[in-house]
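Student: One letter stands for each residue in the lines below.
There are 2 protein chains.
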Amino acid sequence: MLLQGPLGDGSGSSFTPLVVVELASDTKEEAIAWLLSRIRDQQRNGGAELLVEQLGPGVGPQEKENPNLFLVGATWQRLLSGAEDVGLFKEFNDGSMRGFTFADRHNFQDFKGDGDDFLSMAECQYIIKHELDTLRAKDETHVPGHSQVKLYPGKSIIRRLQSKGILIQMFPLHEKEELKRLSFSWYKKVKLSLQPLDDIRHYYGEGQALYFGFLEYFTFALVPMALIGAPYYLFDWEDYDKYVVFAVFNVVWCTVILELWKRCSASLAYRWGTLSRKKAFEEPRPGFHGVLGFNPVTGREEPLYPNSKRQLRIYLVSLPFVLLCLYLSLYVMMIYFQMEGWALSVHDEDPTFWTGIMLFIPSIIYAVVIEIMNLIYRYAAEFLTEWENHRLESSYQNHLVLKVLVFNFFNCFASLFYIAFVMQDMVLLRQSLATLLITSQILNQFMEAFLPYWLQRRRNKKMIHKIRKGRTLEDQELPLADQVRLEADMSTYLGTFDDYLELFLLFGYVSLFSCVYPLAAVLVVLNNITEVYSDAFKMCRVFKRPFSDPAANIGVWQLAFEAMSVIAVVTNCALIGMSPQVKAFFPSSETQLLWTVAVEHVLLAFKFILTFLIPDVPKHIQIKQARLEFESLEALKKKRQLHGGKCLKPRSSVRPSSEEERRAYRY
Amino acid sequence: MLLQGPLGDGSGSSFTPLVVVELASDTKEEAIAWLLSRIRDQQRNGGAELLVEQLGPGVGPQEKENPNLFLVGATWQRLLSGAEDVGLFKEFNDGSMRGFTFADRHNFQDFKGDGDDFLSMAECQYIIKHELDTLRAKDETHVPGHSQVKLYPGKSIIRRLQSKGILIQMFPLHEKEELKRLSFSWYKKVKLSLQPLDDIRHYYGEGQALYFGFLEYFTFALVPMALIGAPYYLFDWEDYDKYVVFAVFNVVWCTVILELWKRCSASLAYRWGTLSRKKAFEEPRPGFHGVLGFNPVTGREEPLYPNSKRQLRIYLVSLPFVLLCLYLSLYVMMIYFQMEGWALSVHDEDPTFWTGIMLFIPSIIYAVVIEIMNLIYRYAAEFLTEWENHRLESSYQNHLVLKVLVFNFFNCFASLFYIAFVMQDMVLLRQSLATLLITSQILNQFMEAFLPYWLQRRRNKKMIHKIRKGRTLEDQELPLADQVRLEADMSTYLGTFDDYLELFLLFGYVSLFSCVYPLAAVLVVLNNITEVYSDAFKMCRVFKRPFSDPAANIGVWQLAFEAMSVIAVVTNCALIGMSPQVKAFFPSSETQLLWTVAVEHVLLAFKFILTFLIPDVPKHIQIKQARLEFESLEALKKKRQLHGGKCLKPRSSVRPSSEEERRAYRY
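Chains as they are written, first to last, in this note's numbering: chain A, 1 to 667; chain B, 1 to 667.
These are computed hints drawn from the structure, not numbers from a lab. Take the hints with a grain of salt, since some may be wrong.
Copies of the same chain look alike in the list, so a pair counts if it fits in one copy or across any two.
Simulated pairs of lysine to aspartate or glutamate, EDC-like, Cα-Cα distance not exceeding 20 Å [claimed, not checked]:
1) Lys-538 with Glu-371
2) Lys-262 with Asp-616
3) Lys-112 with Glu-259
4) Lys-462 with Asp-498
5) Lys-619 with Glu-388
6) Lys-28 with Glu-177
7) Lys-538 with Glu-177
8) Lys-619 with Glu-302
9) Lys-461 with Glu-388
10) Lys-544 with Asp-348
11) Lys-309 with Glu-386
12) Lys-619 with Glu-393
13) Lys-538 with Asp-117
14) Lys-538 with Asp-85
15) Lys-138 with Glu-371
16) Lys-28 with Asp-199
17) Lys-150 with Asp-348
This is chain A alone, in the form it adopts within the complex (with noise of 0.2 Å):
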């Protein structure tokens, strides 16, 4: 995995540059100097063991240019350390996946001597995030230069640095070469064989893998839907005989999907290393703060913070608050229908050219509102989960997402909600439905990988530009002081969290109301489709590389996704059993009504039993991982041998060694 070139333009020492730090262009030297010193500075001393240097000038530069630009990179012994650090899991020698150790390291497969294939660039990027994040101060009172910057003892330096300002940046670099074999082989060529997964894992880690995995992976589970879904819309509308075969079709396949997705993610992430990995690595989130006190579990001391003082947060603030934008979302909701209302009674009085305008005008009212919306309350989420003061990166990407989504849910299908329950309206309801569907599709294809694209060419040419006024180029190939500009300058990767949304979003408009509008499944194949070359183009030309994040599974989303296949069940069923055919089969409403109900029980306990037998990890992972675990507990026996020094008599004398025991099982 090693880059093309060491680190060259006029500074001495050359390592491989993996991460880039940039800094303030009015940071004070004394606080530069200490932060590298700290991060040059030996372990045992409370340093990070790191190789870090200055990034030279430019070809062409400018005033205005940042000076305070630093390349970070660590020796292959360090990263070594850092990979048993972090609790990497690599391929033993005997084939199933361990905890990488040091001194163990010729054990395990692949590893062939110092400098080589081992570990990839975005787990050395990683592992290098993982030991900037940990450097902690030591009995500093303040940055060196900046004394407004307080610190205390144990408090993540990169962490104050960045909430001050400071720290501008922490971003992992590019790897030209590779990035190029990679999206040939993901999107430049038009083909018929799936994402090159590890790759992409090799590359940008484990959750964005995941990310692309669930993508393919939901595609190829709704071709069946979509499949029979066509010929229904091409057909027959309103045959309701078969709407009920075609929705108790989609509500159990739903649920089939996503039990199989969990096992699929489990295989995936026992070859990534990942899905026994989070256990032994629970370092608190860089932003959490508390007491200086002793962790419980490991002994290292870091900050607590009791976890009653978080609940009362959390169900005495953050509920009611969201409780209450549903509540105000809910409000908008109506006021546009009695807007369109309105507007619908003007029009229908006394038709003119204006009246036909003001039509849209809720419409567009409503739009923009609920845009308004969304922004403020994704930023009122973020702030009130970080007040939440969570341990955990993991528990506050939880309670990030389950605020968001709830939000969301809302505000996509309320109003086909409404429109399908409270106005009863099918006519209406399957339009909405197919205008929502499109138009969403098209303005997250537009907004997510076109329009920042289109940004980071004006951006690019401008730079390329203004390099070439400097010197003239014959290749493409830029020195590597301005590809690490370049690429500083790109837009920042926030995550898989949008992606997620969208496509739960989309899993929402094909399950809730299937039976309505069987093609939202043929439209959204079509649509993930252009979503896996759009989202791998973003992720290679649009943004910074992102650091790789080691992720077990598709953590709260497959939650989020089960928890919709579960209102789906109840609302396909309600739209069949509110179908006039349906009603006229039976005597009674009454009767009908029971049936329905009655069919949607035996489904949803269908649903949670068949939750229930499908196994979350497949056998043979299970096995492998029992064995660890087995011999985890066996190597604790022996430890506790070897100290056991108050022993009176060697154990073998009293029974048979392991050797002799496992010879007397056997007979």
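Position chain B against the provided structure of chain A, taking the given hints into account.
Tutor: Leaving out everything else, chain B in the frame of chain A:
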């Protein structure tokens, strides 16, 4: 925990007898000699390394008396190493619970030297049972002297002898003095204090103690429902506004108590050392058979059986069988209702004395048929579950419980459901519910405790009379040989299955139709109070001592109770929705039904969110478990370090040692 007197009567050696093994009286001499030598043989030779003696003749020896009774015991060292084999968890010096290891024994609390109270007698007996169960055939082709009893290498000897009728029974001995103390503090004095759960666990093991803990918890948890239900019964029968409140309270309360029980159970199991225990110890159950191979987790040789075959047996044979039985049960119920309707019409037409008697005939026939079906079904279920060939005892139990439970649920409640939702006769429902509840309570108490006690008493009297004939005794204290024979004649306790099933059905009576018969909770509380006494009495006086069962929770019963509480939400909502008061409140029956369904869905959603929000294991125990896991992973790393011979340079030169590292983290 020493027994009062060591083995005396005639035998040369002296050890504390713990377990009795009874062989058929026609067992061949060489088979006995072979078995004894295998039990006594050292472990390195594939023996169990236990002490075993034949029991001497009783005081009043008769022709019919079986001479082949053997007492099994063990040295303290053997018991301690056995404690390690079975993965016993004990309190460590630092207050946490850890897997016991012989080498580290001095670091465990309460370990004071050999022959102390460290292991309870129940634990010792469990260890001996485990060692006997895992006594496996070496290369014999059959049991010496019994050529029809085939053996193959690795087959459990005890199990084979048992299945061929040579081993009649194997049971642990009671401990007269401790039993007296326990029974006094448990049920003999009328008291307001709680049950001595720790003592029960000490004497009977964790499975029993958890049952009694659950029984006590369940009783206390029902008290609020009883307190609220009683005035409903006493004052306003027909005020449905308040019934809605009562039903909602019931439904929420059921969820809350079941969730809190999980936490209680986890606390108890942690204190008793079973919470983290099972994982380490997953030996196949003795009845498990298959082709000999290597267990993929432990690497030990044991029978293997393909999971796919088991799944086929479950889904293609067991499941259809269960469904068929349920159908039969429903069919019988329908016949019963027809018969009753017919008898009623005959009686109404021309009421005579004989038709009055005939009114009872359908009920009697139905009750008898139900009992016969229950009995046959129980045998069939046991046979099928055995045939499914589950590897783990827990898995076998789960499948058996599930089968029996579903059938019993149908038999008990199908008629009530029919009355409630098809006949819609609330007065009849109330009557039936009360009748069923009260009669089943009385019958249960009688069948469970007093009948076996009465039978036991008769046998005991005969026995003591017989012994008295032989020689005159001053006190009631029997010599060991007679005591053993007395216990061998006692009934065998068949596990907590029926006790839990009874509680489960009672829970159904309380929760399913709570709004029709609010007095049910009062009756169940009263029943449970007597149930504690009768169950305690039967455990201490009626049955043989059972082997302890290291349970960490109430297992599949938790799931069963939760499923019941989900069904209760549905039934209660339906009952309230059907009441004429609620129907009168709404303008149309359709809106009323819709509201009922909406309320039900909200309650169900609330229930699931509540289940999700309340953590199953209390925080402080989670931390202790995480610490143990953390330490075992660290130990695994350490072990690798020690064994990683190819290590190029010592680790300390690359990165600071763990002590230095910890210091580094601190600053």
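Student: Hint by hint, say whether it matches the structure.
Tutor: For each hint, the structure was consulted:
1. Lys-538 with Glu-371: So Lys-538 and Glu-371 fail the 20 Å test inside a copy (23 Å) and across (70 Å) alike.
2. Lys-262 with Asp-616: For Lys-262 and Asp-616, the Cα distance is within 20 Å only inside one copy (6 Å; across copies 22 Å).
3. Lys-112 with Glu-259: neither (39 Å within a copy, 52 Å between copies)
4. Lys-462 with Asp-498: neither (29 Å within a copy, 81 Å between copies)
5. Lys-619 with Glu-388: Intra 38 Å, inter 18 Å, cutoff 20 Å: inter-copy only.
6. Lys-28 with Glu-177: Neither: 37 Å inside a chain and 81 Å across chains, both beyond 20 Å.
7. Lys-538 with Glu-177: So Lys-538 and Glu-177 pass the 20 Å test inside one copy only (17 Å; across, 78 Å).
8. Lys-619 with Glu-302: between (38 Å within a copy, 18 Å between copies)
9. Lys-461 with Glu-388: neither (43 Å within a copy, 70 Å between copies)
10. Lys-544 with Asp-348: neither (53 Å within a copy, 88 Å between copies)
11. Lys-309 with Glu-386: within (14 Å within a copy, 51 Å between copies)
12. Lys-619 with Glu-393: between (30 Å within a copy, 19 Å between copies)
13. Lys-538 with Asp-117: This pair counts as neither: shortest intra-copy Cα distance 27 Å, inter-copy 69 Å.
14. Lys-538 with Asp-85: neither (32 Å within a copy, 57 Å between copies)
15. Lys-138 with Glu-371: neither (45 Å within a copy, 76 Å between copies)
16. Lys-28 with Asp-199: neither (42 Å within a copy, 69 Å between copies)
17. Lys-150 with Asp-348: neither (67 Å within a copy, 94 Å between copies)
This entry does not satisfy hints 1, 3, 4, 6, 9, 10, 13, 14, 15, 16, 17, going by the numbered hints stated previously.
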